[in-house]
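Hey, can you piece these two chains together into the complex? The hints should help.
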Amino acid sequence: MGWAIALHGGAGDIPLSLPVERRAPREATLRHCLELGVAALKANRSPLDVVELVVRELENSPCFNAGKGSVLTTNGTVEMEACIMDGNTKKCGAVSGLSTVVNAISLARLVMERTPHIYLAFDGAEAFAREQGVETAHSSHFITTENVERLKNAKEAKRVQIDYTQPIKGAIPSTKGDSQIGTVGCVAVDGHGILASATSTGGLVNKMVGRIGDTPIIGAGTYANSYCAVSATGKGESIIQATVARDVAALMEYKGLSLKEAAAYVIERTPKGNVGLVAVSANGEVTMPFNTTGMFRACATEDGYSEIGIWPSGINDDLEYPNK
Amino acid sequence: MVGWAIAVHGGAGVDPGLPVERQEEARRVLERCLRVGAAGLRAGLPAVDVVEMVVRELETDPVFNSGRGSALTRKSTVEMEASIMDGHGRRCGAVSGLTTVKNPVSLARLVMDRSPHSYLAFDGAEEFAREQGVEVVDNSYFITEESMSMLKRAKEANSIMYDYRVPAPGVDSASPGLEGAKVENGLLMNGLPISVYAPETVGCVVVDSNGWCAAATSTGGLMNKMSGRIGDSPLIGSGTYACGDCAVSCTGEGEAIIRSTLARDVAALVEYKGLSLQEAVDYAIKERLDEGMAGLIAVSRNGEVAYGFNTQGMFRGCATEDGFMEVSIW
Numbered sequence: 001m002g003w004a005i006a007l008h009g010g011a012g013d014i015p016l017s018l019p020v021e022r023r024a025p026r027e028a029t030l031r032h033c034l035e036l037g038v039a040a041l042k043a044n045r046s047p048l049d050v051v052e053l054v055v056r057e058l059e060n061s062p063c064f065n066a067g068k069g070s071v072l073t074t075n076g077t078v079e080m081e082a083c084i085m086d087g088n089t090k091k092c093g094a095v096s097g098l099s100t101v102v103n104a105i106s107l108a109r110l111v112m113e114r115t116p117h118i119y120l121a122f123d124g125a126e127a128f129a130r131e132q133g134v135e136t137a138h139s140s141h142f143i144t145t146e147n148v149e150r151l152k153n154a155k156e157a158k159r160v161q162i163d164y165t166q167p168i169k170g171a172i173p174s175t176k177g178d179s180q181i182g183t184v185g186c187v188a189v190d191g192h193g194i195l196a197s198a199t200s201t202g203g204l205v206n207k208m209v210g211r212i213g214d215t216p217i218i219g220a221g222t223y224a225n226s227y228c229a230v231s232a233t234g235k236g237e238s239i240i241q242a243t244v245a246r247d248v249a250a251l252m253e254y255k256g257l258s259l260k261e262a263a264a265y266v267i268e269r270t271p272k273g274n275v276g277l278v279a280v281s282a283n284g285e286v287t288m289p290f291n292t293t294g295m296f297r298a299c300a301t302e303d304g305y306s307e308i309g310i311w312p313s314g315i316n317d318d319l320e321y322p323n324k
Numbered sequence: 001m002v003g004w005a006i007a008v009h010g011g012a013g014v015d016p017g018l019p020v021e022r023q024e025e026a027r028r029v030l031e032r033c034l035r036v037g038a039a040g041l042r043a044g045l046p047a048v049d050v051v052e053m054v055v056r057e058l059e060t061d062p063v064f065n066s067g068r069g070s071a072l073t074r075k076s077t078v079e080m081e082a083s084i085m086d087g088h089g090r091r092c093g094a095v096s097g098l099t100t101v102k103n104p105v106s107l108a109r110l111v112m113d114r115s116p117h118s119y120l121a122f123d124g125a126e127e128f129a130r131e132q133g134v135e136v137v138d139n140s141y142f143i144t145e146e147s148m149s150m151l152k153r154a155k156e157a158n159s160i161m162y163d164y165r166v167p168a169p170g171v172d173s174a175s176p177g178l179e180g181a182k183v184e185n186g187l188l189m190n191g192l193p194i195s196v197y198a199p200e201t202v203g204c205v206v207v208d209s210n211g212w213c214a215a216a217t218s219t220g221g222l223m224n225k226m227s228g229r230i231g232d233s234p235l236i237g238s239g240t241y242a243c244g245d246c247a248v249s250c251t252g253e254g255e256a257i258i259r260s261t262l263a264r265d266v267a268a269l270v271e272y273k274g275l276s277l278q279e280a281v282d283y284a285i286k287e288r289l290d291e292g293m294a295g296l297i298a299v300s301r302n303g304e305v306a307y308g309f310n311t312q313g314m315f316r317g318c319a320t321e322d323g324f325m326e327v328s329i330w
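Order-wise, the sequence lines are chains A and B. Taking our numbering, the leading residue of the first sequence gets 1, the next gets one more, and so forth. Taking our numbering, the leading residue of the second sequence gets 1, the next gets one more, and so forth.
Derived from the structure by calculation, the hints contain no laboratory data. Keep in mind the model is a prediction, meaning the values are calculated, not measured. Yeah, the Cβ is synthetic: ideal placement off N, Cα and C, and Gly gets one too. Certain hints may be false.
Below 27 angstroms or equal to it, Euclidean Cα-Cα: the simulated BS3-like pairs (lysine-lysine) are [what the hints assert, rightly or not]:
id: 1; chain 1: A; residue 1: K272; chain 2: A; residue 2: K155
id: 2; chain 1: B; residue 1: K75; chain 2: B; residue 2: K152
id: 3; chain 1: A; residue 1: K90; chain 2: B; residue 2: K273
id: 4; chain 1: A; residue 1: K272; chain 2: A; residue 2: K158
id: 5; chain 1: A; residue 1: K91; chain 2: A; residue 2: K255
id: 6; chain 1: A; residue 1: K42; chain 2: A; residue 2: K90
id: 7; chain 1: A; residue 1: K272; chain 2: A; residue 2: K255
id: 8; chain 1: B; residue 1: K102; chain 2: B; residue 2: K152
id: 9; chain 1: B; residue 1: K273; chain 2: A; residue 2: K91
id: 10; chain 1: B; residue 1: K273; chain 2: B; residue 2: K286
id: 11; chain 1: A; residue 1: K91; chain 2: A; residue 2: K42
id: 12; chain 1: A; residue 1: K91; chain 2: A; residue 2: K260
id: 13; chain 1: B; residue 1: K155; chain 2: A; residue 2: K255
id: 14; chain 1: A; residue 1: K90; chain 2: A; residue 2: K255
id: 15; chain 1: A; residue 1: K90; chain 2: B; residue 2: K102
id: 16; chain 1: B; residue 1: K273; chain 2: A; residue 2: K272
id: 17; chain 1: A; residue 1: K255; chain 2: B; residue 2: K286
id: 18; chain 1: A; residue 1: K260; chain 2: B; residue 2: K273
id: 19; chain 1: A; residue 1: K91; chain 2: B; residue 2: K286
id: 20; chain 1: A; residue 1: K272; chain 2: A; residue 2: K260
id: 21; chain 1: A; residue 1: K260; chain 2: A; residue 2: K42
id: 22; chain 1: A; residue 1: K260; chain 2: A; residue 2: K90
id: 23; chain 1: B; residue 1: K75; chain 2: B; residue 2: K102
id: 24; chain 1: A; residue 1: K91; chain 2: B; residue 2: K155
id: 25; chain 1: B; residue 1: K75; chain 2: B; residue 2: K155
What follows is a set of in silico ranges between Cβ atoms, one per label pair, in the way DEER data are often shown [to be verified]:
id: 26; chain 1: B; residue 1: D138; chain 2: A; residue 2: G256; range: 38 to 46 angstroms
id: 27; chain 1: B; residue 1: G89; chain 2: A; residue 2: K255; range: 22 to 30 angstroms
id: 28; chain 1: B; residue 1: T60; chain 2: A; residue 2: N44; range: 49 to 57 angstroms
id: 29; chain 1: B; residue 1: G89; chain 2: A; residue 2: D49; range: 37 to 45 angstroms
id: 30; chain 1: B; residue 1: D290; chain 2: A; residue 2: K158; range: 42 to 50 angstroms
id: 31; chain 1: A; residue 1: G133; chain 2: B; residue 2: F324; range: 56 to 64 angstroms
id: 32; chain 1: A; residue 1: D49; chain 2: B; residue 2: K273; range: 30 to 38 angstroms
id: 33; chain 1: B; residue 1: E145; chain 2: A; residue 2: G191; range: 56 to 64 angstroms
Looking at chain B on its own, in the form it has when it is part of the complex (with noise of 0.2 angstroms):
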């Protein structure tokens, strides 16, 4: 038997000048899905059942960029995505493209669990999930005031940008770097650096007593992206993986996070080179994302946990079975 071990983000990249009352909003948030997951694990769920509740908590919850609240397209509307992966068997599912599913995660998981396939999307996705009967909204359920407002502002500044969650005067002023994210107009060279902050992303990633890992991510993706644009979070190997060793899910630049499979490398440096959960995380992050800007959260079939990201913070935190819970922004 393993002692347990739940760790939580939403998402990497944080405005330091995020006003605090946001920030403890974020915090309890964390906090209180943390003590969900910590319940379900002392009664003795599986990792993959952990995962999928906190994340659908994480994205019931406006705070954070997924389900409600999510970042808008350039049309102004909500397309959401989701990963789950169960390290027990290395079994996955993925949605993109939704558009009135409730919860992705639970979407995601169903994909997995009744379906010959592993990842459905956009019209597909949406017909499985009448199918299965589960819980739509209209899409304007998803809007928030918040988000229409930063759509507007990311239109006027005519970049892609990160998701912000403060209601600044102008975006230059809230983020350092995003002078760089002036584009020629309507032609972007993938790599260039347009901006610098992740989109609040959320995800969670559990071991359970038996030592079973597995992984959830769930995101509207980012503000201004073009409609179609998939990101990181539904791809496995890329926003979410886990196998026998360890658990892994990511947030921040999702192209950055493709091109480096951020969470399989994660899983790679232990499996193949035999480092550890931190070591493998730390070189992940330091090595592997060249420009890029990404954060992510991971646990090990031992109980460990590990944070790793190079971006101005990541809204995360942890609790092991021993009664330790953290969370933190910076």
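With the rest of the complex left out, here is chain A (with noise of 0.2 angstroms):
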């Protein structure tokens, strides 16, 4: 038993070809993201804190859809979504529909804590986020040139794509062979095996007005309780139907499964090419499993294990950051 953090940028169709420099700057961040998580937890921060802060530093990264570098609404505007719960009490606090907030998994962790519900949305969570005074921006600040690029693209090929893009038949294929960002997640256990789950994103590219993903929803995109910590990314539709992030702690719980085996098994029976998520037990165990072409991820454990990668471990997978 020790403390243990996974991290991800998103799960998806990243191609092999992906020119490094698009990998470079990504895991960079990631990189840097899991440093972040891993001083914290030496330095006895909550795991509900290094959660926070590292995701954070992530949607303050224009590299991953969150926050800065959100993917954009059929309307070329930004809707965010964050969700943020605390294993030990099963408090957890989400919102949606968030066009000004710079972090919204702060304003999650606030309406946890200081309002007496869980999930607040759009005109709502707005006013409560001036209420508030947490730091906003004009959207100016969340929209990237490669986003309004992607939505042009995406509205080209009259689809919704999870950040990225299946190659289609005769389709142009996108500026430099890059769609691959996605909704951001960290999960964290302490020693002394309390566990806290944050996911953040700017949702799916081209989607309508008004929708909400799998990642502000408990038990589907994030979850935590006294078995393990979960955030998933992906097909958010389809991590929904499927109660991904919850399903990990009741096989443990309910099947006596163990993390690895529980979170296998979930990700086996969701639709190929839609789902990867980052787990750790209350163990101190970490997974990082997906069935899509990669996902962006990092994690570290207390015994010295850590890992940064975007595909399958032994694919293409020249990491050029030793393990610590």
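Written out as structure tokens, the structure is:
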């Protein structure tokens, strides 16, 4: 038993041919966030604090689909959502439909700690943000040229995509072959077995205004209890109907599966190409399975293991970062 | 072939002082809705159609807190939400923040059937409603005198309260435990037992003759809630869930239901722990709610019906193919 942390920057059809100029910044961000999270755990910050600070960092990076760098709705706007859960108390907080809040995950935490509710959305959530005095910004802060481009491509192809383009016959490949950004999330456990999970996203490219995905739905994209903490990523609609995050914990508790077994079971039963997750258990174990081409991910455990990856281990995985 | 079964609820957490005529009124509505559902099942409609049809009936009737008669936000408006899940394929649809849609459960169904998504909310959901041509009315349609006076009393008590149908002189007298509802000015810690009675959310679960299960839940939410607050009813796995094994619809303290992912937990106990439906329901209510107060109805693929609640009463009823029908409150 010891502390452990895992984080992700999204699962999807990340092509092996991803150019290095698209890979490197993301790997660097994953590494940086992992270091921040590990340092915080070593400094005895609570897992709840740790997952929040890591996700804030991921939100602030334009590399991933959360906060700055969020994908756009069909109207060209951002609607961000996030969720945080404390495995110790099962308290949770969620927000959806944010358009000006710089760190959705922190607002989710405030919903948890400063309201009698769990979930606030759209105008009500924005109003709460103002009451709480959290940092807000104009939409230009969040919108990147890459995402404007992705929206354009999606509209041309007349479909909604999970940020990762499935190659379509005859479709013009997106600029530099890069549609590959996704939801972000972090799970952590401390040496006492206290668990927490946090997830944040801009959602689906070209989504309908008002569309809510799995991220803010407790038990779908985010979950933590005394067994494990889980953050999922992929096709929101599939994750919701499969109650992915909750099921990992339920399999451990009700069927006695180990963390790895439970996570693998859930991933296998979800349609291929649709889901990935990161999870840690009360015992300090980590697992990061996915049934997509790849998942931006990183993890570290107290016994010194660490990993940063995109594709399944062993496949074109020339990690430049030695294990610590 | 399986014997079909249907269960309905009109909310958990009933004031023991509820006047007899109100109780009778509620029973009549539940019974009527059961008959509507039973007729649909006898006619061979699939479970998902039946739950939608029955919840529409419950939404339209102002006796229960959904659609007309909904609890009001702090701003004296109505924000309704609903979800539906078809266990056959585990498809689902949900809506939140509706202000003009006459039947939220039907819009949830359309999200499931006619959009690429599972959940739409607020302006986007209202926009979709117009695109789909569903019946819309002015927000004032949903507001009743009774809900306005309940809101006034809730504000006076400075607390979130469950929806009462009782025109009682004061909130405190109607609700044991509401003494604990006094809260610090504006600042509430989640998890404090601030009130104990459930809003009269409505729901229906059905298993049809093919053994397919479906569930639907609809509500106006908590009296005096913050605008934008989403509760358990539209959240798949919390207020509503259906799979190959069973279908569940919950009611009660939304926040407690969410934290315990109550609907999914019942199904997970059946699926992963091998419990019977009633065992799973009892376990979930007893072990999963902590200090939360809630109730639920469930049916299984084998035609069983189960209820569970840790509140004072739950408006509920069921009917099975063999002709059995019952409606109860306590």
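Against the structure, the hints come out as follows:
1. Taking the CA atoms of K272 of chain A and K155 of chain A, the gap is near 24 angstroms; set against the 27 angstroms cutoff, the hint holds.
2. This hinted pair checks out: K75 of chain B and K152 of chain B have alpha carbons roughly 11 angstroms apart, not beyond 27 angstroms.
3. The hinted pair formed by K90 of chain A and K273 of chain B meets the criterion: a straight-line CA distance of about 21 angstroms does not exceed 27 angstroms.
4. Straight-line distance between C-alpha atoms of K272 of chain A and K158 of chain A comes to about 22 angstroms, which keeps the hinted pair within the 27 angstroms bound.
5. A threshold of 27 angstroms between alpha carbons decides the hint, and for K91 of chain A with K255 of chain A the separation of about 24 angstroms falls inside it, so the pair holds.
6. The straight-line distance between the Cα atoms of K42 of chain A and K90 of chain A is roughly 23 angstroms, inside the 27 angstroms bound, and the hint therefore holds.
7. Straight-line distance between C-alpha atoms of K272 of chain A and K255 of chain A comes to about 24 angstroms, which keeps the hinted pair within the 27 angstroms bound.
8. With a C-alpha separation of about 24 angstroms, the suggested pair K102 of chain B and K152 of chain B falls inside the 27 angstroms cut-off, and the hint holds.
9. Distance check on the hinted pair: K273 of chain B and K91 of chain A sit about 25 angstroms apart at the alpha-carbon level, within 27 angstroms; holds.
10. Our distance criterion of 27 angstroms between C-alpha atoms is met by K273 of chain B and K286 of chain B, whose separation comes to about 16 angstroms.
11. For the suggested pair K91 of chain A and K42 of chain A, the alpha carbons sit about 24 angstroms apart, so the restraint of at most 27 angstroms is met.
12. Among the hinted pairs, K91 of chain A with K260 of chain A is consistent with the structure: their alpha-carbon atoms are about 25 angstroms apart, no more than 27 angstroms.
13. Between the alpha carbons of K155 of chain B and K255 of chain A the distance comes to roughly 46 angstroms, so the proposed pair goes past 27 angstroms and is violated.
14. Taking the CA atoms of K90 of chain A and K255 of chain A, the gap is about 21 angstroms. The hint holds against a cut of 27 angstroms.
15. Taking the CA atoms of K90 of chain A and K102 of chain B, the gap is near 35 angstroms; set against the 27 angstroms cutoff, the hint is violated.
16. Taking the CA atoms of K273 of chain B and K272 of chain A, the gap is near 26 angstroms; set against the 27 angstroms cutoff, the hint holds.
17. Restraint check: the Cα-Cα separation between K255 of chain A and K286 of chain B comes to about 19 angstroms, which is no more than 27 angstroms; the hinted pair holds.
18. Simply put, K260 of chain A and K273 of chain B have alpha-carbon atoms about 19 angstroms apart, close enough for the 27 angstroms limit, and the pair holds.
19. Between K91 of chain A and K286 of chain B, the direct Cα distance comes to roughly 18 angstroms. Compliance with the 27 angstroms bound is thereby established for this hinted pair.
20. Between K272 of chain A and K260 of chain A, the direct Cα distance comes to roughly 18 angstroms. Compliance with the 27 angstroms bound is thereby established for this hinted pair.
21. For a cut-off of 27 angstroms, the pair hint linking K260 of chain A to K42 of chain A stands: about 24 angstroms separates their Cα positions.
22. Of the pairs offered as hints, the one joining K260 of chain A and K90 of chain A holds, with about 22 angstroms between alpha carbons and a cut-off of 27 angstroms not exceeded.
23. Among the hinted pairs, K75 of chain B with K102 of chain B is consistent with the structure: their alpha-carbon atoms are about 20 angstroms apart, no more than 27 angstroms.
24. Restraint check for K91 of chain A and K155 of chain B: the C-alpha separation of about 25 angstroms stays at or below 27 angstroms, so the hint holds.
25. Under the criterion of a C-alpha separation no larger than 27 angstroms, the hint pairing K75 of chain B with K155 of chain B is consistent with the structure, at around 11 angstroms.
26. About 55 angstroms separates the C-beta atoms of D138 of chain B and G256 of chain A, a value inconsistent with the hinted range of 38 to 46 angstroms.
27. For G89 of chain B and K255 of chain A, the Cβ-Cβ distance of about 23 angstroms falls inside the hinted range of 22 to 30 angstroms, so the restraint holds.
28. Taking 49 to 57 angstroms as the suggested C-beta distance range, the pair T60 of chain B and N44 of chain A conforms, at roughly 56 angstroms.
29. Taking the beta carbon of each, G89 of chain B and D49 of chain A are about 40 angstroms apart, inside 37 to 45 angstroms as hinted.
30. With their beta carbons about 47 angstroms apart, D290 of chain B and K158 of chain A fall inside the hinted range of 42 to 50 angstroms.
31. As the Cβ distance of G133 of chain A to F324 of chain B is approximately 58 angstroms, the hint placing it in 56 to 64 angstroms holds.
32. Between D49 of chain A and K273 of chain B the beta carbons are some 34 angstroms apart, a value that agrees with the proposed interval 30 to 38 angstroms.
33. For E145 of chain B and G191 of chain A, the hinted distance range of 56 to 64 angstroms is satisfied, since their beta carbons lie about 58 angstroms from each other.
The earlier numbered hints that this structure contradicts are 13, 15 and 26.
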